[in-house]
Amino acid sequence: QQQVKQSPQSLIVQKGGISIINCAYENTAFDYFPWYQQFPGKGPALLIAIRPDVSEKKEGRFTISFNKSAKQFSLHIMDSQPGDSATYFCAASIGGSARQLTFGSGTQLTVLP
Amino acid sequence: KAGVTQTPRYLIKTRGQQVTLSCSPISGHRSVSWYQQTPGQGLQFLFEYFSETQRNKGNFPGRFSGRQFSNSRSEMNVSTLELGDSALYLCASSSLSGGTEAFFGQGTRLTVV
Numbered sequence: 021q022q023q024v025k026q027s028p029q030s031l032i033v034q035k036g037g038i039s040i041i042n043c044a045y046e047n048t049a050f051d052y053f054p055w056y057q058q059f060p061g062k063g064p065a066l067l068i069a070i071r072p073d074v075s076e077k078k079e080g081r082f083t084i085s086f087n088k089s090a091k092q093f094s095l096h097i098m099d100s101q102p103g104d105s106a107t108y109f110c111a112a113s114i115g116g117s118a119r120q121l122t123f124g125s126g127t128q129l130t131v132l133p
Numbered sequence: 032k033a034g035v036t037q038t039p040r041y042l043i044k045t046r047g048q049q050v051t052l053s054c055s056p057i058s059g060h061r062s063v064s065w066y067q068q069t070p071g072q073g074l075q076f077l078f079e080y081f082s083e084t085q086r087n088k089g090n091f092p093g094r095f096s097g098r099q100f101s102n103s104r105s106e107m108n109v110s111t112l113e114l115g116d117s118a119l120y121l122c123a124s125s126s127l128s129g130g131t132e133a134f135f136g137q138g139t140r141l142t143v144v
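Protein chains in written order, with my numbering: chain A, 21 to 133; chain B, 32 to 144.
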């Protein structure tokens with residue numbers, strides 16, 4: 021059972037544009053929602069994370085928007101750069117921690133120069 | 032500070048064999064989690080160890096096992112390898128069981144032929 025659904029599967033944006041990736045979850049016990057960035061040949065690296073007591077969190081060009089009632093959260097990448105080209109994964113876990121993460125299926129982002 | 036180290040980086044095994052993968056967490060981190068990454072199933076949680084004890088286990092057959100040593104280094108073992116076990120195996124460490132950030136290694140690419 022896929023508990024975290026991620027879309028789109030792939031995304032192409034122009035340099036300077038906004039990249040938006042969406043995730044929806046089913047398990048209401050989830051209380052920690054991180055986003056990971058993965059480059060080819062590397063392990064995932066934490067980008068930004070949010071807990072359900074806030075609706076938005078911003079770190080630099082990266083923003084998470086969280087809608088608890090809709091059980092959805094999204095990643096916005098402002099002023100997208102070619103160096104942002106990577107695979108992005110949303111994830112969720114229980115207990116407010118990074119243990120036993122349930123990942124979305126991933127989004128392959130390509131930022132054109 | 033050294034990151035998470037996984038060895039070997041690449042491995043080719045024959046169906047029916049067994050394999051042992053190693054993970055050295057970040058110094059001071061006591062929680063180690065293992066994940067399997069495949070194109071079809073994405074990133075899936077295998078198990079988590081904290082202070083030499085398995086704390087959580089994902090939905091994988093008993094052929095997949097692990098252990099953690101007193102220095103927090105962890106190994107995972109897969110017995111009676113199947114073609115479908117070909118994957119990137121990722122290890123992540125956290126400072127405490129329930130740490131809010133998981134740091135991933137670069138993974139071990141296992142190919143079963």
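Since the hints were derived computationally from the structure, they do not count as laboratory data.
All values derive from a computational prediction rather than experimental measurement.
Cβ coordinates follow ideal geometry from the N, Cα and C atoms, glycine included.
Don't take each hint at face value.
[Unchecked claim] A short list of chain B residues far from chain A (calculated; beta carbon distances all over 10 angstroms):
| # | residue |
| --- | --- |
| 1 | 38 |
| 2 | 75 |
| 3 | 87 |
[Claimed, not checked] Some chain A residues close to chain B (C-beta under 10 angstroms, calculated; not the full set):
| # | residue |
| --- | --- |
| 4 | 26 |
| 5 | 28 |
| 6 | 30 |
| 7 | 36 |
| 8 | 37 |
| 9 | 38 |
| 10 | 40 |
| 11 | 49 |
| 12 | 50 |
| 13 | 58 |
| 14 | 72 |
| 15 | 82 |
| 16 | 109 |
| 17 | 124 |
| 18 | 133 |
[To be verified] List time: in silico DMTMM-like cross-link candidates among lysine to aspartate or glutamate, alpha-carbon distance up to 25 angstroms:
| # | chain 1 | residue 1 | chain 2 | residue 2 |
| --- | --- | --- | --- | --- |
| 19 | A | 91 | B | 83 |
| 20 | B | 88 | A | 79 |
| 21 | B | 44 | B | 132 |
| 22 | A | 62 | B | 106 |
| 23 | A | 35 | A | 73 |
Is the shortest C-beta separation between residue 49 of chain A and chain B less than 10 angstroms?
-> 14 angstroms, violated
Using Cβ atoms only, decide whether residue 82 of chain A comes closer than 10 angstroms to chain B, and label the hint accordingly.
-> Status violated, d = 15 angstroms.
Have a go at the residue 133 of chain A hint: is there a Cβ in chain B nearer than 10 angstroms to its own Cβ?
-> 27 angstroms, violated
Hold the hint about residue 72 of chain A up to the distance rule: shortest CB distance to chain B must be less than 10 angstroms.
-> Result: violated, 14 angstroms to nearest chain B Cβ.
Straight-line Cα separation of residue 44 of chain B and residue 132 of chain B no greater than 25 angstroms?
-> 33 angstroms, violated
Report holds or violated for the interface hint on residue 58 of chain A, using the least CB-CB distance to chain B and a cut-off of 10 angstroms.
-> Cβ of residue 58 of chain A sits 8 angstroms from chain B, so the hint holds.
Is the Cα-Cα distance between residue 88 of chain B and residue 79 of chain A 25 angstroms or less?
-> 32 angstroms, violated
Hint validity - residue 28 of chain A Cβ closer than 10 angstroms to any chain B Cβ | 15 angstroms, violated
Can residue 40 of chain A be said to touch chain B, with a Cβ gap under 10 angstroms?
-> 20 angstroms, violated
Does the nearest C-beta of chain B fall within a distance shorter than 10 angstroms of the C-beta of residue 37 of chain A?
-> 26 angstroms, violated
For the hint on residue 124 of chain A, does the least C-beta distance to chain B fall short of 10 angstroms?
-> Cβ of residue 124 of chain A sits 7 angstroms from chain B, so the hint holds.
Interface hint compliance - residue 30 of chain A to chain B, C-beta minimum distance less than 10 angstroms = 13 angstroms, violated
Checked against the numbered hints listed earlier, the structure breaks hints 2, 3, 5, 6, 7, 8, 9, 10, 11, 12, 14, 15, 18, 19, 20, 21, 23; every other hint is satisfied.
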